[in-house]
Amino acid sequence: MRYSAFQIFKQGLTGNKHWPKTWRTPDPAQQYDVIIVGGGGHGLATAHYLAKEHGITNVAVLEKGWLGGGNIGRNTTIIRSNYLLPENEPFYELSMKLWEGLEQDINYNAMVSQRGIINLYHSDSQRDAYVRRGNAMLMAGADAVLLDREGVRAQYPFLDFDNARFPIRGGLWQPRAGTVRHDAVAWGYAHAADSRGVDIIQNCEVNGFIMEDGKCVGVNSTRGSIRAKKVAVCVAGSSGRVMSMAGLRLPIESHVLQAFVSEGLKPVIPGVITYGAGHFYISQSDKGGLVFGGDIDGYNSYAQRGNLPTVEDVCEGGMAMMPVIGRARLLRMWGGIMDMSMDGSPFIDHTSIPGLYFNGGWCYGGFKATPASGWCYAHLIATEQPHETAKGMRLDRFKSGAVMDERGAGAQPNLH
Amino acid sequence: MLINHPQLGPRDAAEFVYLGDASLMHRPDAQSPTAAEEFHDYLHLRDNPAGVHRELWYHEQGDRAWLIVTRNTLTHEITNVQMARDVALAEQQGHVAS
Numbered sequence: 002m003r004y005s006a007f008q009i010f011k012q013g014l015t016g017n018k019h020w021p022k023t024w025r026t027p028d029p030a031q032q033y034d035v036i037i038v039g040g041g042g043h044g045l046a047t048a049h050y051l052a053k054e055h056g057i058t059n060v061a062v063l064e065k066g067w068l069g070g071g072n073i074g075r076n077t078t079i080i081r082s083n084y085l086l087p088e089n090e091p092f093y094e095l096s097m098k099l100w101e102g103l104e105q106d107i108n109y110n111a112m113v114s115q116r117g118i119i120n121l122y123h124s125d126s127q128r129d130a131y132v133r134r135g136n137a138m139l140m141a142g143a144d145a146v147l148l149d150r151e152g153v154r155a156q157y158p159f160l161d162f163d164n165a166r167f168p169i170r171g172g173l174w175q176p177r178a179g180t181v182r183h184d185a186v187a188w189g190y191a192h193a194a195d196s197r198g199v200d201i202i203q204n205c206e207v208n209g210f211i212m213e214d215g216k217c218v219g220v221n222s223t224r225g226s227i228r229a230k231k232v233a234v235c236v237a238g239s240s241g242r243v244m245s246m247a248g249l250r251l252p253i254e255s256h257v258l259q260a261f262v263s264e265g266l267k268p269v270i271p272g273v274i275t276y277g278a279g280h281f282y283i284s285q286s287d288k289g290g291l292v293f294g295g296d297i298d299g300y301n302s303y304a305q306r307g308n309l310p311t312v313e314d315v316c317e318g319g320m321a322m323m324p325v326i327g328r329a330r331l332l333r334m335w336g337g338i339m340d341m342s343m344d345g346s347p348f349i350d351h352t353s354i355p356g357l358y359f360n361g362g363w364c365y366g367g368f369k370a371t372p373a374s375g376w377c378y379a380h381l382i383a384t385e386q387p388h389e390t391a392k393g394m395r396l397d398r399f400k401s402g403a404v405m406d407e408r409g410a411g412a413q414p415n416l417h
Numbered sequence: 025m026l027i028n029h030p031q032l033g034p035r036d037a038a039e040f041v042y043l044g045d046a047s048l049m050h051r052p053d054a055q056s057p058t059a060a061e062e063f064h065d066y067l068h069l070r071d072n073p074a075g076v077h078r079e080l081w082y083h084e085q086g087d088r089a090w091l092i093v094t095r096n097t098l099t100h101e102i103t104n105v106q107m108a109r110d111v112a113l114a115e116q117q118g119h120v121a122s
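Same order as they appear, the protein sequences are chains Z and H. If you read the first sequence in the numbering used here, its first letter stands for residue 2, the second for the next number, and so on. If you read the second sequence in the numbering used here, its first letter stands for residue 25, the second for the next number, and so on.
These aren't lab readings, by the way, just hints derived from the structure by calculation. Remember, it's a predicted structure, so these values are computed and weren't measured experimentally. Careful: at least some of the hints might be erroneous.
To be verified - Pair by pair, the computed Cβ-Cβ distance ranges are: (1) Z:Pro268 x H:Gly33: 46 to 52 Å; (2) Z:Gly209 x H:Phe63: 20 to 26 Å; (3) H:Glu62 x Z:Arg306: 33 to 39 Å; (4) H:Leu98 x Z:Leu266: 44 to 50 Å; (5) H:Glu62 x Z:Arg25: 47 to 53 Å; (6) Z:Pro324 x H:Met49: 55 to 61 Å; (7) H:Tyr66 x Z:Gln8: 56 to 62 Å; (8) Z:Trp20 x H:Glu62: 57 to 63 Å; (9) Z:Gly327 x H:Gln85: 22 to 28 Å; (10) Z:Leu266 x H:Gly86: 37 to 43 Å; (11) Z:Gly411 x H:Gly86: 23 to 29 Å.
Stated by the list, open to error - Chain Z residues, not near chain H, derived (Cβ > 12 Å throughout): (12) Lys53; (13) Val218; (14) Gly238; (15) Gly289; (16) Pro324; (17) Thr384; (18) Arg398.
We put the beta carbon where it would ideally sit given N, CA and C, even for glycine.
All chains should be modelled from the sequences, with the hints used to inform the complete structure.
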């Protein structure tokens, strides 16, 4: 069924009792062209673009839990394309353009809201770095505006401009950035992929790969053995766990990142703000909650919950940037498991095993990348060639030396 | 998290800096003919287990000692803490003895 204003009207007249399911609940078939392991945002987006852009519809998405239960439903919903490196920025700008047309493409209201992001700067050197970054963004076709102090004040008068240690000097503004209703991204991609014939199979945990003659030809799962010509893994924080079943070690550590939501408040923050002197980012949801986060906890974890020192650190960042937040009460906090790579950048690549593909290492930047990640992964799976914008995202880049280290921190995942 | 330092007793994990898997203590031999390959794996690849993990923590806000903490990455439960120095020395002696 196609969602439309007419449908809302029609279903409303009949008490909203006849809406069909957003996606089917099929049993797994014996054989597929492509199996995607992991029904998160990236996996579902991959399935959608495989079906729509490459005509490959004999596809199964295997999800160990339920759709929207992983990082796609745990992030702080920010979308942006304000990266620096030429291996990253065109990819994230592709993602931004796909976000802009997403709702029409998948026929689902994902509440894409281009409310803008401002990265604050607090010193001359930071301003220079943002000028450089802004120019890199413009060269990749993105938008960037350098704001001075008054430019920031016009949008956010309540920030602590005269903070004694870190006065706000201005900011790098990307007006096209914004937020998206994250659960709806999973549901929308699932709806779109399902309507083209993709089987989405929930509560189906993969517990091994079927190898024949050194090739990957399927998976063993809690729903039995399923064979496929190609197996594409896309499991974010569980990357290490899943790929170890194929005997592969990855340049990835799993870390916990916490996120926070305050009680619902009257509208106060129109866009997204990030602090430049610490790690803190904040926006306000349409329900009024302040949605914010900061650094990862910094130690290997699969626990989906963090510890208090990071909570304190995040709240200190918030207080230093906008003291007004001190009056808000925290409503909820939670953790998600991040696949932190050795240079802070992701992978979309073949593995050393024919028939087995890998997508991961998104660190804590995976949500904004969802459409482009699916687009480029589908391109790789369908054509066997990396997409133009994802050529650098190779698994062997630490061997070749072509690392993509935005932060310049080296092979220390908890610093990215 | 509290890390039970062998010499100082229970300390707040916030006093420590985390490095990673304790296997980082075992630096490859630079003279080995396959040193380039070994250093690539040593620097960049990780087991990244879900469960028991031996890892290096540095007591930066304390006695500046390196500790080997055995911790469960699924629960954050810490089951053993050793001085990295003691472990390294024991390994060295074991190596000499054999």
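So, going through the hints one by one against the coordinates:
Hint check: Z:Pro268 to H:Gly33, Cβ distance near 49 Å, so the stated range 46 to 52 Å holds. Checked against the given bound of 20 to 26 Å, the beta carbons of Z:Gly209 and H:Phe63, roughly 31 Å apart, lie outside it. About 36 Å separates the C-beta atoms of H:Glu62 and Z:Arg306, a value consistent with the hinted range of 33 to 39 Å. Between H:Leu98 and Z:Leu266 the CB atoms are about 35 Å apart, so this pair departs from the stated range of 44 to 50 Å.
Distance hint for H:Glu62 and Z:Arg25: a CB-CB separation of about 50 Å, consistent with the stated range 47 to 53 Å. The hinted window of 55 to 61 Å between Z:Pro324 and H:Met49 is violated, with their beta carbons roughly 45 Å apart. Hint check: H:Tyr66 to Z:Gln8, Cβ distance near 58 Å, so the stated range 56 to 62 Å holds. Look at Z:Trp20 against H:Glu62: about 59 Å separates their beta carbons, and that is inside 57 to 63 Å.
Evaluation of the 22 to 28 Å hint for Z:Gly327 and H:Gln85 yields a pass: the beta carbon distance comes to about 26 Å. Range check, Z:Leu266 to H:Gly86: about 40 Å between beta-carbon atoms, so the 37 to 43 Å window is met. Between Z:Gly411 and H:Gly86 the C-beta distance comes to about 25 Å, which sits within the given range of 23 to 29 Å. No Cβ of chain H comes within 12 Å of the Cβ of Z:Lys53; the nearest lies about 34 Å off, and the non-interface call holds.
At roughly 25 Å, the least C-beta separation between Z:Val218 and chain H is larger than 12 Å, which holds for a residue marked as non-interface. A cut-off of 12 Å between C-beta atoms contradicts the statement that Z:Gly238 is not in contact with chain H; the least separation is 9 Å. Once the 12 Å rule is applied to beta carbons, Z:Gly289 is consistent with being away from chain H; the minimum gap is 32 Å. Residue placement check: Z:Pro324 keeps its beta carbon more than 12 Å from all beta carbons of chain H (closest about 23 Å).
No beta-carbon of chain H is positioned within 12 Å of the beta-carbon of Z:Thr384; the least distance is around 28 Å. Not every Cβ of chain H is farther than 12 Å from the Cβ of Z:Arg398; the closest lies at roughly 9 Å, contradicting the non-interface assignment.
The structure does not agree with the numbered hints 2, 4, 6, 14, 18 stated previously, though it agrees with the rest.
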